[in-house]
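Use the sequences and the hints to build the structure in full.
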Amino acid sequence: MKKLIAAVFAAFAILGATPAHAAPAVQEVVLVTTLTSTGTNLTTIGNVTYGWNDLKGVSNWGTTTATIRFQGDVGYKNGSGPFNGYFTITRADGAQLAFHIDGQALAYPVASGTKTNFRGVMSYLQGSGAYSNAQATGVMVGSRDAALGSPVRMTLRFTVVPRS
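With the numbering used here applied, the sequence shown corresponds to residues 17 to 180, in that order.
Because the hints were derived from the structure by calculation, they are not lab data.
Beta-carbon label-pair distances, calculated as ranges:
1. Ser148 / Asn100: 22 to 28 angstroms
2. Ser53 / Arg135: 15 to 21 angstroms
3. Thr79 / Gly55: 28 to 34 angstroms
4. Asn63 / Thr104: 29 to 35 angstroms
5. Asn63 / Ser148: 41 to 47 angstroms
6. Tyr124 / Gly145: 37 to 43 angstroms
7. Val42 / Ser166: 33 to 39 angstroms
Just so you know, even glycine gets a beta-carbon here, dropped at the ideal spot from N, CA and C.
Structure follows, in structure tokens:
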């Protein structure tokens, strides 16, 4: 009888030591979209253009969709230079992620209104739903075939660990 009681206590000890829930899974997310401008306020003086742009698009996120909004500002000389701003990604289920972006644009050939490539680092700000207080980081790359304010092809790659 003592052995049976000891075995039962051992079983409870083992079961009690296992976590109540598994750790959240790391998600590798790639969103591909074309963002179109819904508003701009740009000033050009000589070969320098600065101001802001508000862009929106839609992408697939696994088996669901997500809307992407980019609110950014630029400071370009000859079509190239720094930009930064904010991505808000809203999944079809309503969960959101907000990122700050710090990037660079390179026009080629070097002249305003030509093709431009973009690259930037995404830093997580906050989220909602499953992504509230998550951990995330990523990069974005993109290109534009015409003047600032034209549609932008964009790929966002980020890793996110939802809250536990």
